[in-house]
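Colleague: Protein chains in written order, with UniProt numbering: chain A, 1 to 93; chain B, 1 to 314.
Keep in mind that the hints are not guaranteed to be accurate.
Derived coverage of chain A by chain B (criterion: at least 3 residues anywhere in the stretch with Cβ under 8 angstroms from a Cβ of chain B; other residues may be distant) [claimed, not checked]:
1) 18–28
2) 67–75
Simulated pairs of lysine to aspartate or glutamate, DMTMM-like, Cα-Cα distance not exceeding 20 angstroms [said to hold, decoys possible]:
3) A:K78 x B:E64
4) A:K88 x B:E74
5) B:K190 x B:E179
6) B:K59 x B:D29
7) A:K88 x B:D56
8) A:K72 x B:D56
9) A:K78 x B:E74
10) B:K59 x A:E84
11) A:K88 x B:D81
It is worth saying that the hints were derived from the structure and are not from the lab.
Where is the CB? At the ideal position from N, CA and C, for every residue including glycine.
Listed below are the residues making up each chain.
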Amino acid sequence: MKVMNAATFTVEREDHTVGNVIRMQLHRDPSVLFAGYRLPHPLQYRLVVKIQTTSQSSPMQAYNLAITDLIKELDHLKAVFEHETSQKQADYY
Amino acid sequence: MADASSGEHEPELPPHLELQRTRVVCAPDAPSYTESVQYSGAYMAYGVDNSLRIEDFCKNLRVEIISMNEEDIEFDIVGIDAAIANAFRRILIAEVPTMAIEKVYIANNTSVIQDEVLAHRLGLLPIKADPRLFDYKSEEENANEKNTIVFKIDVVCTRKGERVLNSSVTSDQMKWLPEGSEMPFNTMTKFTSFGSSQKNLPGLPAEGISCQYPDIIVAKLRPGQAIELEGHAIKGSGNIHAKWSPVATARYRMLPEVNLMEDIQGKLAEELVQKCPTGVFDIEDVGTDSVNCLLQSRRPLWQDQGTARCVASV
């Protein structure tokens with residue numbers, strides 16, 4: 001059964017650490033209709049991400065956008081955190 | 001809800017929906033609204049856009065470090081989702097590499113501790129070495145100065161008159177061998193092939209590589225017993241074996257918010273303040289006989305004056 005604008009991505013050697021974060025970011029995209037991830041088997045180290053988007057964008061696009069946005073967010077978080085820790089260290093000495 | 005001053009009409013969620021969206025409510029039987037509402041079209045009927053843009057994220061993100069020392073750090077992050085916090089926790093426990101003893105070559109062990117138990121204990125010792133200076137080592141590779149750290153323990157328990165020397169082997173008796181392995185003793189080829197000494201590694205601490213804590217008891221001996229062994233440490237991460245996990249533990253929780261549903265005054269207020277062991281509530285004098293009860297600080301629970309609980313401990 002063919003569904004329009006839907007795709008399944010298999011990511012090898014990853015688990016909930018990455019899957020949950022990607023799923024969360026995909027949900028924030030307004031053009032994503034359906035996004036979910038699962039680990040098909042706990043003894044096999046891979047995960048499957050299922051995405052369906054509106055006709056405005058494609059699952060590929062949504063996935064790439066989610067990953068780039070996540071990288072930007074985490075870079076920003078890292079910068080803020082390093083700023084705070086260096087300030088805190090400066091307070092100590 | 002139109003704003004008279006500006007032309008823009010910013011639709012807002014009614015307060016109960018805003019509560020559902022941003023707060024986890026701890027009801028008497030179970031917490032509710034634990035699933036964060038991430039779907040961007042969730043509140044389309046109200047005209048509220050639930051999607052998150054990168055600029056909004058950068059604007060709302062705040063990190064506050066509550067306490068930080070060599071072993072613990074506790075900090076608040078405002079503005080991220082639980083999924084990211086959980087991902088950090090999982091990565092801290094399982095994916096940050098460290099160095100730990102993997103192979104133990106025992107030349108002599110006449111103590112009551114069995115070889116394998118001793119080797120297991122040595123593997124769990126925390127080693128103060130920066131894992132970024134080293135490469136991973138696979139099974140087939142030769143042990144060289146870039147992927148192995150060699151330690152030696154050579155302790156004999158003797159009796160000196162009344163006193164017994166070296167009755168316990170502590171982790172500071174584990175000596176670092178920067179030149180490589182010295183075993184096996186009677187052949188020219190050694191277990192490791194160090195091209196150069198590890199003493200000259202850039203980024204090494206001044207006192208060399210050692211165990212993080214010098215007072216960990218590895219084994220106990222009686223007079224006449226000896227332990228002579230070599231331990232080879234390699235780089236690994238916590239998902240292979242817990243000895244490579246850099247944290248004692250890492251945890252996160254949602255910041256609790258306590259709201260008083262009604263004004264509490266007078267004797268009841270004093271009673272409430274006394275009842276709470278961690279000092280959540282505070283008394284505010286309103287002038288007349290009655291006193292009102294209000295919340296002391298934003299971080300009430302888990303932080304009393306005596307002990308501080310930490311989020312990430314090493």
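Colleague: Where does the structure disagree with the numbered hints, that is, which hint numbers, in rising order?
Modeller: Failing hints, ascending: 6, 7, 11.
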